[in-house]
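S.K.: Could you put the whole structure together from the sequences, leaning on the hints where they help?
These protein sequence lines are chains A and B, in that order.
Residue numbering for the first sequence follows our numbering, beginning at 1 and increasing consecutively.
Residue numbering for the second sequence follows our numbering, beginning at 1 and increasing consecutively.
If you are wondering where the hints come from, they were derived from the structure by calculation, not from laboratory data.
Treat the hints with care, as some may be off.
[Said to hold, decoys possible] Calculated lysine-lysine pairs in the DSSO-like style (CA-CA distance at most 27 Å, straight line): (1) B:K15 to B:K108; (2) B:K63 to A:K188; (3) B:K108 to B:K62; (4) B:K185 to A:K188; (5) B:K185 to B:K63; (6) B:K63 to B:K114.
Predicted, not measured: the structure shown is a model, and the values here were computed from it.
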Amino acid sequence: MNPDLFFQYVVAGITYGTIYAVVAIGFNIIYNATGIINFAQGEFVMLGGMTAVTLSRFLPLPVAILGAVAVTTVIGAVIDILFIRWLRGPSVLRMIIITIGVSILVREAALHVWGESVRALPYFTGTSVTSIKMGNVYISPQVLWVVGVSAVAVVALSAFFNYTMLGRQMRACAANRDAARLCGISAKNMVTLSFMLSAGIGAIGGAVVCPITYVQYDSGTPLAIKGFTVAILGGIGNSAAAVGAGMILGILESFSIWVLPAAYKEVISISLLLLILFIRPSGIFGSAEEARLKEF
Amino acid sequence: MLRVKNLEAGYGPLKVLRKVSLHIGPGEIVTVIGANGAGKTTLLKTLSGLLSARGGEILFEKKDIRRLPAERIVFLGCSLVPEGRQLFAPLTVRENLILGASVQYRRKRQGEVKEDLERVFALFPRLKERETQLAGTLSGGEQQMLAIGRALLSRPRMLFLDEPSMGLAPRMVREIFVHIARLRKEFGLTILLVEQNARGALGVADRGYVLETGRMVLQGPSEELLSNQDVQRAYLGRSPEGDA
Numbered sequence: 001m002n003p004d005l006f007f008q009y010v011v012a013g014i015t016y017g018t019i020y021a022v023v024a025i026g027f028n029i030i031y032n033a034t035g036i037i038n039f040a041q042g043e044f045v046m047l048g049g050m051t052a053v054t055l056s057r058f059l060p061l062p063v064a065i066l067g068a069v070a071v072t073t074v075i076g077a078v079i080d081i082l083f084i085r086w087l088r089g090p091s092v093l094r095m096i097i098i099t100i101g102v103s104i105l106v107r108e109a110a111l112h113v114w115g116e117s118v119r120a121l122p123y124f125t126g127t128s129v130t131s132i133k134m135g136n137v138y139i140s141p142q143v144l145w146v147v148g149v150s151a152v153a154v155v156a157l158s159a160f161f162n163y164t165m166l167g168r169q170m171r172a173c174a175a176n177r178d179a180a181r182l183c184g185i186s187a188k189n190m191v192t193l194s195f196m197l198s199a200g201i202g203a204i205g206g207a208v209v210c211p212i213t214y215v216q217y218d219s220g221t222p223l224a225i226k227g228f229t230v231a232i233l234g235g236i237g238n239s240a241a242a243v244g245a246g247m248i249l250g251i252l253e254s255f256s257i258w259v260l261p262a263a264y265k266e267v268i269s270i271s272l273l274l275l276i277l278f279i280r281p282s283g284i285f286g287s288a289e290e291a292r293l294k295e296f
Numbered sequence: 001m002l003r004v005k006n007l008e009a010g011y012g013p014l015k016v017l018r019k020v021s022l023h024i025g026p027g028e029i030v031t032v033i034g035a036n037g038a039g040k041t042t043l044l045k046t047l048s049g050l051l052s053a054r055g056g057e058i059l060f061e062k063k064d065i066r067r068l069p070a071e072r073i074v075f076l077g078c079s080l081v082p083e084g085r086q087l088f089a090p091l092t093v094r095e096n097l098i099l100g101a102s103v104q105y106r107r108k109r110q111g112e113v114k115e116d117l118e119r120v121f122a123l124f125p126r127l128k129e130r131e132t133q134l135a136g137t138l139s140g141g142e143q144q145m146l147a148i149g150r151a152l153l154s155r156p157r158m159l160f161l162d163e164p165s166m167g168l169a170p171r172m173v174r175e176i177f178v179h180i181a182r183l184r185k186e187f188g189l190t191i192l193l194v195e196q197n198a199r200g201a202l203g204v205a206d207r208g209y210v211l212e213t214g215r216m217v218l219q220g221p222s223e224e225l226l227s228n229q230d231v232q233r234a235y236l237g238r239s240p241e242g243d244a
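M.R.: In structure tokens form, the structure reads like this:
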């Protein structure tokens, strides 16, 4: 393999890896607040893409994307309020099954609203054949958009968690729910907020990536599986590790085309998921001790 | 200030508190002593709203708070320092303290937080030294100070302390009891102190109650309880140093 081709694969890997990381961070936000895996996470990404495409018919592109993120964020809040918030002391398993139900519901609703057609936003700058030459590597400008916007979102999110009172309260709630309540923090509000944040960040990812990957009513599920793999690979709950793990999965997938038929690409993530669950369930960046303290 | 009448509480089918009554006047330090499993922690969890009561009344300043959630009770001015500190271990000492002031933000009085931080640092200079350290890395005594400091940041008028001396070195135990007396003097707090360490608790409290298997079996001024033969036999006898 010549070095140029090598870098081309790396770039492709990073693009997909970024999206996986964004989905994984969405998983982590809700996991940290509630201890559950929200299986509707992929649906947030789909909704972000679909809504952006629809809104872009009447609105300028940046406004359409912001609008899509806002709509998806509201949907995230509605899901929590309708299905989770009013439960009194629900078990983790029960909540997880609810999120599976919600994901089916959202998918079917999307099918009803948008039909089966495959959609995409236009490339933000240039067209699908535009490319920027960096050294000897050609990169689509959309790749830079995906990586750039996601990076900004991740940095903004970590600033939110570290430097704002609301962000600190969410971390407090994740660290010790009862103690947070004793400080006057409403745990239920924090859960609603976590659904909004992870819906919002999922929608951002969905909107920026859909010019490359296209979007359809059921495109959330495979992304949820990849994102879940990445979240587990990095160590569930750890968002910085999710970025690293996302890159690992993205790059592994892109190089797999070199050795395996393209149809086997999906096998990589599932195999990796099983492997990590067998040999190191705490994730490559997580500590086993920490994992033992978690609920499941 | 706080009046509890015939309180009943428990977990699932398990009944822990049976018709518990007590009262605390403003500015008093009152202690509830009892052995492991007597229901001391359950009592405080119920009073602070973490556990919902099955029956009875909890009046805080004549207002019935029995059905209020924990976050609302802190807002009204009752703060619990829970058993085992319950700090936000992965957050820094400073962050833990500021989170304690969450209700101050809800009261739109975040302007007072800075001043309160200084008061807590003046009370516990050790916390100032460790300001940027993660709470989980502190020693037991420092963690207890931080747990108390965090509760103080909510500007309570009434403080519930759940076994503050538990798991501490004997020297630290004495220090904690000294601090509890200072809390009343310097912060004007009314304090309900739940303890297994009967000697230490009665030493600092004005009055005491004895809780046995979910029932209040005895009450009276601290000196009276300290000289009571049943109390001496059951709670003071085997532990001359006061560490049960």
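S.K.: Determine for every hint whether it applies to the structure shown.
M.R.: Comparing the hints with the structure gives:
1. B:K15 to B:K108: With Cα atoms ~40 Å apart, K15 (chain B) and K108 (chain B) exceed 27 Å; violated.
2. B:K63 to A:K188: 25 Å, holds
3. B:K108 to B:K62: 25 Å, holds
4. B:K185 to A:K188: Roughly 36 Å between the alpha carbons, so the hint for K185 (chain B) and K188 (chain A) is violated.
5. B:K185 to B:K63: 26 Å, holds
6. B:K63 to B:K114: Roughly 30 Å separates the two Cα atoms, so the pair is violated.
Consistency with the previously given hints fails for numbers 1, 4, 6, ordered from lowest to highest.
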